[in-house]
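**Student:** Here is what each chain is made of, one letter per residue.
2 protein chains.
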Amino acid sequence: MERTFKATLQSFKELVHKIKYYNEALAVLFWDLRTGAPKKGIAGRAKVIGMLSTEAFRLSTSIEMEDFLNYFEQKESNEKLDKVYRAVVQECRKEFDRSKKIPAEMYTEYVILTSEAESVWEEAKNTNNFSMFSPYLEKIVDYNCRFIELWGYEGNKYNTLLDYYEPGMTVDKLDRIFEQLRERIVPLVQQIKNLRYQPDDSMFFRNYFAPAKQEEFSLAILDKMGYSFDAGRLDESEHPFTIGMTPGDIRITTHYYPHNFSSALFSSIHEGGHALYEQNISCELDDTPLSTGTSMGIHESQSRFWENIIGRSYNFWSCYYEDLQKIFPEEFMGVSLEEFHKAINKVEPSLIRVEADEVTYNLHVMIRYEIEKALINKEVQVAALPRIWNEKMKEYLGVEPKDEKEGVLQDVHWSGGSFGYFPSYTLGNIYSAQIYNTIRKQFDDFDELIKAGELIKIKEWLGQNIHKHGKLLTPAEILKSVTGEEINPSYLIDYLENKYKKIYNLNI
Amino acid sequence: MERTFKATLQSFKELVHKIKYYNEALAVLFWDLRTGAPKKGIAGRAKVIGMLSTEAFRLSTSIEMEDFLNYFEQKESNEKLDKVYRAVVQECRKEFDRSKKIPAEMYTEYVILTSEAESVWEEAKNTNNFSMFSPYLEKIVDYNCRFIELWGYEGNKYNTLLDYYEPGMTVDKLDRIFEQLRERIVPLVQQIKNLRYQPDDSMFFRNYFAPAKQEEFSLAILDKMGYSFDAGRLDESEHPFTIGMTPGDIRITTHYYPHNFSSALFSSIHEGGHALYEQNISCELDDTPLSTGTSMGIHESQSRFWENIIGRSYNFWSCYYEDLQKIFPEEFMGVSLEEFHKAINKVEPSLIRVEADEVTYNLHVMIRYEIEKALINKEVQVAALPRIWNEKMKEYLGVEPKDEKEGVLQDVHWSGGSFGYFPSYTLGNIYSAQIYNTIRKQFDDFDELIKAGELIKIKEWLGQNIHKHGKLLTPAEILKSVTGEEINPSYLIDYLENKYKKIYNLNI
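The listed protein sequences derive, respectively, from chains A and B.
-13 is the number of the first residue of the first sequence in the numbering used here; add one for each residue after it.
-13 is the number of the first residue of the second sequence in the numbering used here; add one for each residue after it.
A couple of the hints might just be wrong.
Because identical chains cannot be distinguished in the list, a pair is counted as satisfied if it fits within a single copy or across any two copies.
Unchecked claim - With a straight-line cut-off of 30 angstroms between C-alpha atoms, the simulated BS3-like cross-links for lysine-lysine are:
#1 388 x 26
#2 328 x 143
#3 380 x -1
#4 86 x 4
#5 66 x 388
#6 312 x 179
#7 69 x 454
#8 125 x 4
#9 391 x 80
To be clear, the hints were calculated from the coordinates, so they are not data collected in a lab.
These numbers were taken from a predicted model, which means no experiment stands behind them.
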């Protein structure tokens, strides 16, 4: 028996590694396609990607996999596994069930539908024509409802979708969270909007910021954050992203706009936050599906922590603004540190989520959450979305899209069927503020640390308390072990109120 | 029966494509490793490469493959295949037999031996110690002799190794070829060596040539040659190479030395020649093992044609030297076109093959050919190689290595077991001169074409006559169809004598 267990475990490990290696190869191909693969090779490369993905999927859902899972889920053999492989079995089971519960034919139909829908969405957005996209969206919603029936659900049907991106998250919890955000953020935005004073950020758009210099500064900041260039690299792509092969190779990208200073810098810091997470996952988890972030929300907490809480803080720039001015002496001539800090924190209710500031961002997410939840529970019709969208924008942000392009059609997510994903952005913001509250107490003088540019100490603390665990702990376990608390949005709200009270001289 | 044929062909095509896709993914991973993959990811990536290679090998040697080959080799089904798939069957059979005739265990031992031998060779070279490497070389030679017995051979045992890189090449043919080269090239070298006049190329080493400017000029020349940047890219790596994924994605690399002007430029042109070959293979051959060069020799003929015959010609530089001077005005101040042309064609018997000029290069190859042939036929002992090497260097080139590092240990090839590969370099040079002789007759005034920089016309001619065929024709068929002749080294010798007679004012 002992011998069988060992041999079986060895074979199971080989299967797990093989799936991981396929995914690693796919990640390299994906990165390559987006950072400079010659365009005439793209159509051919798609076939390679299709073949490798199919192989990985086939292994994850094979009879061999099922036999391993059945064996290692038995009490006797399960108890003999170490904690890593016990979690690997759970993770593989999750993936196996998710894939196997949907009939292959149905899944193929859905893949074809969403890939068509993405092109249709693009055209609908460009021609400002929601009615062109709505029949596709109706079908996508319908498929998702049928998937939920097959996967099963507890409580609200939308819970199943939420759980995929944020294990353990439910509509009940999220409703309470967004309720709290709405209560205090909507008035905060209103108060700021009504002020006569607004920070001036025109120098970010008026001047020419040479891409090579932007890159130089981004590289310097990433280095200060402790991003390892021996285990990663920074390239340019159309949209910024982070992609992880192994902790020894976690790459990030940005996009330099010569007439928009802050875009590349803050996206570099944002992606750097994601990358630090994956660079510092314990090597215990190498070659397993646990060597990644535990959830989209925790991942986003890391990127937002670095981008907003550190990267847009006064203390951070009191350390680095001089360096920036050395690189762009003319562009920032006559701009004081105070003015610069206010400019990077300008709050302005706007129509487009991806351009939104720290304060209004979560209201954009809330609109999407409310709509998705209603769609999946069949409480609204797809046809009504443009009207509902605009009403909610008006109610929460006080602005109204002039057309569907800058309204309901702005995001790609729904065309790909990514329902349940949007809330991760807000969860990330909430987690980041809770983590911030904890980390401040761990250092004698956190503010002095940031002023002194000792970011490595922050990185190390995050590494020890969050990053190293990879997917071995659930998001809730991570949060509990770090902060001693459940998810609690009041830390985010307090952080925002305190920060913007100072910037805007508010009376809260 | 018809239905069975169609269905079987469809399944066979799927298998062939799958193998090709694995190789395409491997090519991207290989390129990535050599152009900037983060160093901490390398060890992990090796496991991915190992897994994908094993999968591709498994498919190429599978029972499924064997069944397909047996079926499509039957007269009745073979006749129904189109010419492409008839050749695909032949190619797959070749690969299948080559792999299957060696017992798996023996092959594994050999892979381990050669991978150890490469490290040992590196240390032996660094410490100038052939006796450290010789036990490994003895074993590698021994394995190759045993492989030849298993693969079978006709005439000389070395023929089997030659045939792998250059289908159809034999010791009989090569002996005659090298005999002709020796007869006329050795005296030519001697004559040049004895001259008091030697071109001055010190400006290539004395000045600083900024890598960014070198790159700018390399890119411009590649563009003039017709290298498509929509189907490729130029990057930097330790050693220059060309790597092909599909004709839509053929990438090249070079290495910029700030104090060696000609290295990066001529290696870019050289690799550009290889790349033009693969970019212009017919799409009929897409996703098959025929979508590549037909042999190492024909491949090398393309790179050498562009590097030497075009790239080191007076006419070429009479078109582009002004452009070069614009990029490096100070570096080439006071250097006339005539002086520049002589400098890039300086002949100097030297010790290191990879740094050798056009005239002496083939003598370096001849030495290796003679030694390899003797080793495989057990006519010399490995222990005697340092002495034999030095004797041959003295005899053919008139120079003698002061140590083993710049003698018998200089090349990596033998440590990896690549016997039979070196002659490809000289075959490439010979083919290139034969092709040159033909192409001159195809245009009204070839010299004027080059002077006018109309390189695209050359590229198109090569595309139509050589490139498009990929591996559908054998090297001998290609040569015959292009030149109407068999391999004939006298064109190369005539070309060299004519060219260097002018440069050195010789009386030949």
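**Student:** At most 30 angstroms between alpha carbons: which applies to residue 328 and residue 143, within, between, both or neither?
**Tutor:** neither (43 angstroms within a copy, 80 angstroms between copies)
**Student:** Treating 30 angstroms as the Cα threshold, decide for residue 125 and residue 4: within, between, both or neither.
**Tutor:** Cα proximity of residue 125 and residue 4: none, with 35 angstroms in one copy and 33 angstroms across.
**Student:** Is it within, between, both or neither when you check residue 380 against residue -1 at 30 angstroms Cα-Cα?
**Tutor:** neither (54 angstroms within a copy, 58 angstroms between copies)
**Student:** 30 angstroms Cα cut-off: does residue 69 pair with residue 454 within a copy, between copies, both or neither?
**Tutor:** Close inside one copy (14 angstroms), not across copies (57 angstroms); limit 30 angstroms.
**Student:** How would you label the pair residue 388, residue 26 (within, between, both, or neither) given a Cα cut-off of 30 angstroms?
**Tutor:** neither (39 angstroms within a copy, 50 angstroms between copies)
**Student:** I want to check one pair: residue 66 and residue 388. Are their C-alpha atoms no more than 30 angstroms apart within a copy, between two copies, both, or neither?
**Tutor:** For residue 66 and residue 388, neither the intra-copy (62 angstroms) nor the inter-copy (63 angstroms) Cα distance is at most 30 angstroms.
**Student:** Go through the copies and call it for residue 86 and residue 4: within, between, both or neither, with a Cα cutoff of 30 angstroms.
**Tutor:** both (20 angstroms within a copy, 25 angstroms between copies)
**Student:** Taking 30 angstroms as the upper bound on the Cα-Cα distance, should residue 312 and residue 179 be classified as within, between, both, or neither?
**Tutor:** neither (34 angstroms within a copy, 57 angstroms between copies)
**Student:** Please work out whether the CA atoms of residue 391 and residue 80 approach to 30 angstroms or closer within one copy, between two copies, in both situations, or in neither?
**Tutor:** neither (37 angstroms within a copy, 58 angstroms between copies)
Violated hints for the displayed structure, listed by number in ascending order: 1, 2, 3, 5, 6, 8, 9.
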